[in-house]
Every structure is written in structure tokens, then in C-alpha cells.
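If you want the building blocks of each chain, they are given just below.
Protein chains: 2
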Amino acid sequence: MRAVVFDSTLRFDPHHRDPSIEEGECLIRPSLAGICATDLHLTRGYMNFTGILGHEMVGVVVDGPKDWRGKRVAAEINCVCRRCPMCTAGLSTHCPNRTVMGIDGRNGCFADLIALPHQNLHAVPDRLTDEQAVFVEPLAAAYQVLVQCPIDKRMTVSVVGTGRLGLLVLQVLKTTGCQLTAIGRNHKTLLLCEKMGIQPIHVDDLVAQPDRHVVVECTGSPDGLDLALRLVQPRGTVVLKSTYAGDAVPNLAPVVVNEVNIVGSRCGPFGEALNALAREAVEVRSMISRTFSIERALEAFDAAARPDNVKVLLKIGSPKNA
Amino acid sequence: MRAVVFDSTLRFDPHHRDPSIEEGECLIRPSLAGICATDLHLTRGYMNFTGILGHEMVGVVVDGPKDWRGKRVAAEINCVCRRCPMCTAGLSTHCPNRTVMGIDGRNGCFADLIALPHQNLHAVPDRLTDEQAVFVEPLAAAYQVLVQCPIDKRMTVSVVGTGRLGLLVLQVLKTTGCQLTAIGRNHKTLLLCEKMGIQPIHVDDLVAQPDRHVVVECTGSPDGLDLALRLVQPRGTVVLKSTYAGDAVPNLAPVVVNEVNIVGSRCGPFGEALNALAREAVEVRSMISRTFSIERALEAFDAAARPDNVKVLLKIGSPKNA
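From first to last, the protein sequence lines are chains A and B. Under this note's numbering, the residues of the first sequence are numbered 1 to 322, in order. Under this note's numbering, the residues of the second sequence are numbered 1 to 322, in order.
If you are wondering where the hints come from, they were derived from the structure by calculation, not from laboratory data. Accuracy of the hints is not assured; some may be wrong.
[To be verified] Coverage of chain B stretches by chain A, computed from C-beta distances (three or more under 8 angstroms per stretch; other residues unrestricted): (1) 234 to 242; (2) 252 to 258.
[Unchecked claim] Reference excerpt, derived from the structure (chain A facing chain B, CB under 10 angstroms, subset only): (3) Thr-93; (4) Lys-241; (5) Val-263; (6) Ser-265.
Ideal placement from N, C-alpha and C gives every residue a C-beta, glycine not left out.
Throw the hints in and build the complete structure from the sequences for me.
Shown next, in the form of C-alpha cells:
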């Protein structure tokens with residue numbers, strides 16, 4: 001099969017070995033997949049991952065338990081043991097025995113076929129296009145902000161970073177009715193915010209005041225946390241969504257002095273994401289900058305690394321409703 | 001009056017100008033004062049503070065409103081406006097208009113006299129010695145951990161750092177009945193933990209497992225946060241009590257991946273601290289390593305910086321019950 005493989009270098013492999021499935025697993029043929037900042041980090045050595053990349057996808061089940069065959073699905077990325085204290089406590093995304101699709105110990109979805117436990121799958125409603133459904137995984141991660149940090153309309157909230165994750169988080173937060181601003185340095189994505197009805201502020205025009213109840217850090221850069229700490233009010237919350245490639249971060253004295261709460265946030269509820277896409281509470285089509293066939297994956301990765309592109313997709317199988 | 005002054009260098013000034021008091025303020029004659037890690041940081045340039053140092057004390061009111069004259073008192077360090085949104089929301093320690101005794105914009109208590117608003121004062125019960133009462137301010141800061149992070153006896157908790165602040169936090173946490181361990185590198189203070197009935201672990205003997213519900217960081221060093229992040233379980237909480245002199249801190253990717261909550265924590269409830277000392281739930285006498293007269297403040301600061309000393313006190317007036 002065709003696959004996008006990372007093992008110290010990134011390469012397209014036209015003749016990769018097909019995966020086999022175990023009891024309870026499904027074999028899925030991805031139609032469309034998304035490239036995320038984590039994929040870019042992985043190609044720089046994050047997690048020491050080697051194997052097939054990719055963890056955002058929509059595809060069709062081609063083999064596995066009868067109930068699933070032929071279904072169009074999105075897939076949760078954490079493959080868990082369902083027995084450990086974390087799993088039994090309902091925190092299975094933190095299962096210490098987990099493998100993670102395309103990130104940790106398990107091949108990803110930038111390939112013609114992928115094997116995954118059927119418990120990871122969510123059927124995609126017919127009314128969603130593949131171009132919408134491919135956003136379910138990152139949109140679920142955006143919804144995780146609300147799981148960990150309840151937000152209501154009385155609160156002032158800023159999102160720092162208006163890239164692919166920031167734009168999803170912004171749209172999720174907009175559904176709460178909170179007083180929301182988007183802070184970024186990319187004129188193109190700030191304009192997109194404005195079109196989405198979200199007040200954009202260019203970072204050069206920002207007067208940093210510590211008056212936000214909540215600041216969500218989505219820049220993927222250590223500077224983002226520094227800025228977030230200058231915007232959050234004492235006893236407020238900074239939600240950290242992005243991991244950094246580097247180590248250096250700002251002095252954390254303001255965290256102590258202002259008794260700030262920093263909340264790390266990762267994978268989220270797929271149900272919320274599917275529902276939001278189905279009722280069009282979140283608009284993703286305008287976020288798609290480029291779509292490449294899987295053969296052109298290296299070009300696609302280059303494109304995804306450029307700040308003028310928002311979401312870059314890989315077309316693998318034949319898309320539905322495209 | 002005698003005073004310990006910092007203005008780019010630390011010095012003892014035998015002839016400093018006496019403070020005057022304004023309406024609503026009390027003039028206090030400190031009997032005994034404590035040197036804290038923050039004082040040491042201030043002498044290295046933290047907060048760009050200049051003036052009389054000191055924010056931990058017990059003393060006697062010598063002038064001011066009639067109700068307060070002659071009373072023995074401990075004093076809250078934040079002098080606040082009582083009108084801003086933070087003050088009216090009950091978060092006056094975060095008043096943006098505040099000055100802070102011996103830390104920010106206001107002289108401290110390493111002097112024969114100090115002026116403070118009467119609202120900052122707490123009467124010290126007769127049954128407490130000065131040697132106990134001088135710990136009220138840092139003990140209140142230790143109690144702030146429980147204000148921000150409720151802890152019960154089902155929880156596993158570690159305190160990283162067994163210095164003066166760590167030992168107070170440990171004793172406060174011990175009152176909850178939680179499964180508590182003290183992690184440090186100082187054999188002397190680890191022995192003190194053992195005497196207090198708290199399980200000590202030398203950092204060289206530690207097998208770092210991410211299985212604590214809560215880890216409280218009291219080392220004052222960036223390495224402390226790194227260790228705390230390796231000990232806290234996914235979705236657990238790291239309470240940051242100490243500020244750092246330096247900027248470099250570890251990679252925060254584990255915060256996101258493990259969805260850890262980092263809670264900055266500063267000043268706390270004086271009532272809880274006075275009460276705990278009065279009922280002897282917290283033992284502080286064994287923490288006093290050295291006591292110097294105010295004239296020997298420079299020696300005292302040197303002593304406070306040495307890890308073999310826990311709490312170093314400055315004797316200013318005539319101590320009661322000593």
C-alpha cells in the first residue's frame with residue numbers, strides 16, 4: 001500500500017506492507033487526512049516516533065466486526081487497555097499502556113489502510129462531507145478546552161494563536177457566548193476570525209492588560225505562554241493546547257504571584273465535535289488551504305509548515321461528497 | 001531607627017529615618033522577624049525592590065487607632081485599595097493597586113518601626129510565643145495550598161523541597177490525613193520530616209513514577225518543577241509555591257500530554273495559621289536554626305542562604321516568652 005513514513009527522514013513509500021487486523025480491530029481505508037502541528041513536530045524528533053504518520057482522518061471500514069464494515073468513520077487516536085485505573089476511572093486518554101495512532105507506538109492514517117480497535121471508531125453522519133469529517137479529531141481537541149475549563153457568557157476569553165488549532169478553539173468558545181478575542185500575527189487568519197464573527201486583534205496592536213478570565217494558548221511557541229501570562233487576570237486560567245518543540249519558556253514567577261492556573265489540554269470528546277459539525281456551529285471549509293494527493297505528501301508537509309497555509313489535507317482514497 | 005536596607009546592596013543602617021503613620025495606619029515595633037527565600041531573591045534583584053526588607057514578623061502596636069495600641073500582632077503583607085474589582089471580589093491579595101511590605105513599593109519589617117494599615121493586623125493570642133507567631137505569615141502561605149487545591153485523606157501527595165516553606169506545607173498537608181511524602185536532598189531536614197511523622201524520601205533514592213494526585217513544588221529551583229511533572233499523575237495538580245530566580249524551566253509538553261493542572265499559589269489565610277499554631281497542629285520551634293540580632297542582619301542573610309540552615313530569625317525588639 002501507499003504510506004507516508006517517518007524514520008529519521010520523511011518519505012513516501014509506494015509499496016509499504018499492508019497492516020493485518022487482530023480480534024476486535026477494524027481495517028479502515030482513509031479517504032482524507034489532515035496534517036497537524038504535531039505531525040510537523042514528529043518529523044523534528046518529538047516522541048522519537050518512527051512509522052506511518054497521521055492521526056486526523058475520515059475513512060471507510062473495509063474489514064473487521066460485521067457491524068462496522070462499510071461504515072464511514074472518524075477515529076479516536078488513543079488505543080487503550082480498558083483495564084488500568086485510568087481506563088476504569090473514565091480517563092482512558094491517559095491510559096499508561098496506550099499506543100497512539102501515528103504518534104506513539106502505532107502506525108497512523110497517512111496510508112491506504114490502517115488497523116484500529118473498533119472502540120476507537122465513530123460513525124460519521126451522511127450529511128457531513130469528508131472535508132468536514134476530517135476535522136473531527138482536532139475539533140474534539142478544541143472541545144476539550146470546555147471539558148477542562150468551563151466557560152460561560154460572562155467571561156472574557158482570548159485565544160492566542162490563530163492557526164489551525166486556534167481557529168477551531170475560537171469557534172468552540174464562540175458557542176459559549178463569552179466575550180471572545182482572537183490574538184494573532186497572521187493577517188489572513190485574523191481576517192478569517194472576523195468573518196467568523198470573532199473580534200481579531202493583531203499582536204502588534206495589542207495593549208496587554210491582565211484582565212482576561214481565561215486565555216487559551218494555541219501558538220505552538222514558548223512566546224505564546226509568555227503573552228498568555230501577561231493577558232490573564234490574577235486567579236485566572238491559561239489553557240495550554242500546544243506542545244513546544246523547544247525547552248525555553250518564560251519565568252514562571254507571574255504564575256505564583258498572580259496565582260494563575262495553567263491547564264494542559266489534549267484529546268477531547270468526538271461526540272461534541274461530530275454534533276457541532278452536523279449543526280454547522282463550527283465552519284471548517286474556509287480553513288482548508290491546500291489538498292494534496294498522498295503521493296505528494298512531502299510537498300504537503302512543506303505547505304503545512306508555512307504560516308500562510310491553515311489546514312493542509314492529504315487525499316488518499318476517493319472522497320465522498322467532495 | 002535601626003533598619004536593614006537593600007538598594008543594590010544589602011546594608012544595616014543604624015540611623016534610618018522613622019516612619020510616620022497616616023489615618024488608619026498603625027505603627028508597629030517588630031520583636032522578631034523571619035528571613036524568607038523571597039528576601040534572598042530580592043537581594044538578587046527580584047522585583048527591583050529598594051527599601052527596608054522583611055515581611056514576616058511579630059511585633060507590638062505602639063501608635064495608631066486606640067483599639068490596636070499595645071496589642072501584639074502579626075501582619076498581612078499586601079496593603080490594598082479595598083475598592084477595585086479584585087478587592088470587592090474578595091481577592092484583595094491580587095489588588096492591582098497594592099503595595100507589599102518589604103517586597104513591592106513599601107518598607108518592610110526588618111526595622112525598629114513599621115507603618116501598616118490596621119486592616120492588615122491580626123492579634124496574636126497570648127499562648128503563642130514570638131518564636132511561633134513569627135511563622136504566621138509563611139504558614140498562612142502554606143495553608144493557601146489547601147485553599148486552591150482541596151486535599152483529602154484518599155489522595156497521594158508529595159512535597160518537593162524540604163526547606164523552610166516545604167516543612168510548613170508538609171505539616172499543613174499532614175493535617176488532611178493524605179498519603180504524604182517529603183522529597184528533598186537535605187538529610188537534616190528530611191530527618192526533621194521523619195520526626196514530624198512525615199515519610200521522607202531522599203531525591204537520590206526516589207523512583208519517579210507519575211502516580212501522585214498532587215505535587216507541591218517548594219524547591220525554589222526550576223529543577224523542582226521538572227521533578228514535580230515526573231511525579232504527578234495525568235490530570236493531577238502541581239502546586240507552584242516558589243518563585244525562581246532564573247528563567248529556564250523544563251519542556252512543558254508533559255503538561256499538555258498529561259493534562260496536568262499547574263496552580264500558582266502565594267499568600268494565604270492568617271486565621272488558619274494562627275489557629276494551627278495555637279492548637280499545635282504545626283510545630284515550628286524545631287525549624288529555627290539561628291537567631292541574629294538586627295545589627296548582624298548581613299550575617300543572618302548569609303546564614304539563611306546556606307542549605308544547612310532552615311529558618312533564620314532576626315531579633316529586633318525584646319521578645320516575649322522567649
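The hints, checked one at a time:
no.: 1; hint: 234 to 242; in the structure: holds (count 5)
no.: 2; hint: 252 to 258; in the structure: holds (count 7)
no.: 3; hint: Thr-93; in the structure: holds (8 angstroms)
no.: 4; hint: Lys-241; in the structure: holds (7 angstroms)
no.: 5; hint: Val-263; in the structure: holds (5 angstroms)
no.: 6; hint: Ser-265; in the structure: holds (6 angstroms)
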